[in-house]
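K.L.:
Now for the letters of each chain:
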Amino acid sequence: MTDFLQLTVAGLSQGSVYALLAVGLIATYTVRHVVNIAQGDYATLAGLGSISLVTAGLPLPVAILIALVTVTLASVLIERLVISRVKNLTTLVSIILTLGVSTLLQAIMLLIWGAEAKRLPAFPGSDLTLGGVSIRSQELWMLGALVVVGGGILLFYEKTRWGKALRASAEQPVAARIVGISPAIASMLAFAIAGFAGAAAGVVSSPIYLSIWSGGLLLGLKGFVAAVLGGLVSFRAAIVGALLLGIIESYVAGYVASGWKDAVAFFILIIVLIIRPAGLVLRPNAVRV
Amino acid sequence: MHRAQRRLLVPAAVAASIALALTGCGASNFGGDSGGDAAAEDGPIKIGAVLDITGVGANLGVPEQNTLNMLAEQLNADGGIDGREVELIIKDNQSTEDGAAKATTQLIENDDVDLIIGSSRTGPSLAMRPLVEAAQVPTISVAANAAIVDGSEWVFKTAQNDLVVLERILDDAESKGYTKIALVRDATGFGEGIADIITELGEERGITLTATESFEPSATDFTAQMTNIRAADADAVIIWGITPSAGLAQAAYVQLGVDKPIYQSHGVANDAFFEAAGPAADGVIAPMGRLLVADELSDDDPQKPVIDEFIADYTESFGTSPSSFAGHAYDAWLVGTKALEAAGTEPEALRDAIESTTDLVGISGIFTMTPENHSGLTADALIMALAEGGRWTLYEE
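These protein sequence lines are chains P and C, in that order. In terms of the working numbering, the first sequence has 205 at position 205, counting the first letter as 1, and numbering is strictly consecutive. In terms of the working numbering, the second sequence has 41 at position 41, counting the first letter as 1, and numbering is strictly consecutive.
Just so you know, the hints here were simulated from the structure itself, not pulled from any lab data. Take these hints with a grain of salt, some might be off.
To be verified - Have a look at the derived ranges for each label pair, beta carbon to beta carbon:
#1 386(C) <-> 111(P): 29 to 39 angstroms
#2 393(C) <-> 271(P): 27 to 37 angstroms
#3 208(C) <-> 259(P): 18 to 28 angstroms
#4 390(C) <-> 270(P): 37 to 47 angstroms
#5 114(P) <-> 78(C): 56 to 66 angstroms
#6 110(P) <-> 105(C): 20 to 30 angstroms
Heads up, the beta-carbon is just placed ideally off N, CA and C, and yes, glycines get one too.
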């Protein structure tokens with residue numbers, strides 16, 4: 001039982017990283033129908049960036065804050081310089097386009113930070129053991145980041161005017177434009193959210209999982225699987241899906257064989273796309289965010 | 001099915017397949033189109049290197065690349081070999097087997113190299129072996145597994161054999177009265193066959209292997225493996241892998257409170273281990289070369305002057321101290337260039353010269369090769385090191 005709970009804890013903390021990436025992916029998909037392959041690279045970029053700032057002598061919170069802001073701006077910049085330049089942007093084009101962006105970001109990161117994995121110092125706090133289950137304080141930070149950032153984004157969409165405007169652009173783009181919601185601003189806002197969520201995932205996970213230039217793609221894909229579990233439209237379903245994915249991966253590694261761990265996500269992806277493309281969304285007919 | 005969902009199906013599938021294809025394959029290098037044997041005797045001597053510079057072996061390949069670049073520069077500044085300049089061509093195998101095979105083929109076909117060094121890890125080294133054996137190019141691997149040179153004609157290696165490393169670990173375990181050992185090993189070539197060797201060597205020492213877990217070198221979460229190891233019946237545990245994965249495994253080992261004596265391999269003989277494992281590294285015992293405990297060596301140690309000079313040169317060039325892997329590359333360069341000096345570039349003569357390497361003092365040990373022994377180091381090349389306060393210290397010699 002202890003082992004089972006231990007695997008669950010590991011799965012939840014891994015799942016919280018997938019969840020933050022899934023939230024970012026859904027933000028850009030709902031507004032622009034962009035599947036952003038570079039989403040995982042935001043995480044690596046923020047991780048590596050904050051590591052450099054800490055090495056340069058900045059206090060950890062300051063370094064993290066700068067990394068979060070910079071990556072958020074970088075995501076908006078990518079939207080302005082690349083995504084918004086394309087007329088008739090289809091999802092397929094967006095995949096190819098962001099694949100290019102991802103490759104470019106990885107090359108830049110390899111040149112700046114080198115090929116070796118790096119680690120951000122652990123956030124303050126002490127590890128604890130509950131009934132034989134060991135929980136690292138960093139894992140609590142990761143789950144906390146999901147609650148704060150993921151919850152914050154949900155609240156933003158549901159309670160604020162800007163958020164409602166974004167939802168309107170997602171659900172009724174033409175009507176939204178008629179009532180004066182700028183599609184350009186909606187798009188930038190969506191990319192800002194994606195950048196911020198990705199960066200948050202990158203900085204909270206770096207102390208445990210390390211940051212390496214090439215790590216973003218697989219991470220982003222796992223986030224994508226979680227987003228598909230949310231039908232690419234529902235934040236809530238995607239967050240639940242991401243946590244489930246993390247837990248299932250952990251159980252498979254523990255009870256079957258660790259070599260199968262990375263295959264689980266894609267097995268789930270195939271099954272979901274064939275059997276239930278709406279994912280975990282209960283009422284698949286309404287476009288919700 | 002709702003229209004929105006059907007729209008989703010195609011791009012989702014495309015995204016997944018494109019990205020999956022990308023994670024598996026890397027960009028290929030395009031080598032020059034030069035070739036031919038015309039320049040054989042008067043042009044530069046060409047040494048090729050295939051290293052794990054990016055990917056999971058980066059902790060190994062990067063310092064190896066640094067070392068080779070530094071040594072080639074030094075050698076050319078000193079006038080090269082027999083007045084001939086040495087041209088070093090380094091290729092990145094991206095820590096993959098097919099990358100190593102591709103790079104090796106390019107070095108042989110396009111660059112017409114006289115000697116090859118590499119790869120950094122066992123898997124890619126094994127992928128190179130049939131190619132260089134067929135093309136008859138003397139090759140010196142810097143990876144560990146004995147299978148790389150087992151029965152080879154053209155392949156040599158400079159890292160200590162896994163067999164002697166395990167002998168040292170099991171000797172220590174026996175002296176402490178451990179009878180049951182659990183193993184957590186790298187799932188790739190480096191960890192291949194380790195369980196069998198432990199079983200075999202353990203028999204004469206009264207030690208049995210009670211559990212085996214494995215991990216991918218790219219893994220970041222080790223909860224599953226360590227939970228199983230915690231439940232296993234063992235007196236001590238061996239983690240067998242390279243950094244950063246073996247360091248992260250060590251952190252999980254301590255965090256999950258496995259709380260048994262722990263051994264690691266010479267795959268963690270670098271500072272990157274401490275970066276990955278953090279304070280959890282304390283107490284780990286690992287057999288390794290003398291490089292990382294150089295300041296504790298006695299002055300009459302024959303390796304001390306060589307090691308001290310290498311550390312000084314490397315630190316001056318790159319601002320960090322060299323790892324054991326940098327040492328393996330140094331040794332490969334040393335063995336290779338000495339043989340080139342003695343025999344020139346004719347392949348069979350060069351191979352014979354490498355095979356007649358005798359008492360050559362290097363970083364990882366003192367090398368004596370023979371036609372039957374292409375590894376060159378004995379158990380004497382290893383010391384037992386203890387991780388303490390963020391560095392390796394001499395545990396016993």
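K.L.:
The structure should be examined with respect to each hint, and the outcome stated for every one.
P.N.:
We went through each hint and held it up to the structure:
1. 386(C) <-> 111(P): 29 to 39 angstroms: Since the Cβ atoms of residue 386(C) and residue 111(P) sit about 37 angstroms apart, the hinted range of 29 to 39 angstroms holds.
2. 393(C) <-> 271(P): 27 to 37 angstroms: violated (52 angstroms)
3. 208(C) <-> 259(P): 18 to 28 angstroms: Holds, since residue 208(C) and residue 259(P) (Cβ atoms, about 25 angstroms apart) stay within the stated range.
4. 390(C) <-> 270(P): 37 to 47 angstroms: The hint (37 to 47 angstroms, Cβ to Cβ) holds, given that residue 390(C) and residue 270(P) are roughly 45 angstroms apart.
5. 114(P) <-> 78(C): 56 to 66 angstroms: Given about 29 angstroms between the Cβ atoms, the range is violated.
6. 110(P) <-> 105(C): 20 to 30 angstroms: Between residue 110(P) and residue 105(C), where Cβ atoms are some 24 angstroms apart, the hint holds.
In summary, the numbered hints that this structure violates are 2, 5.
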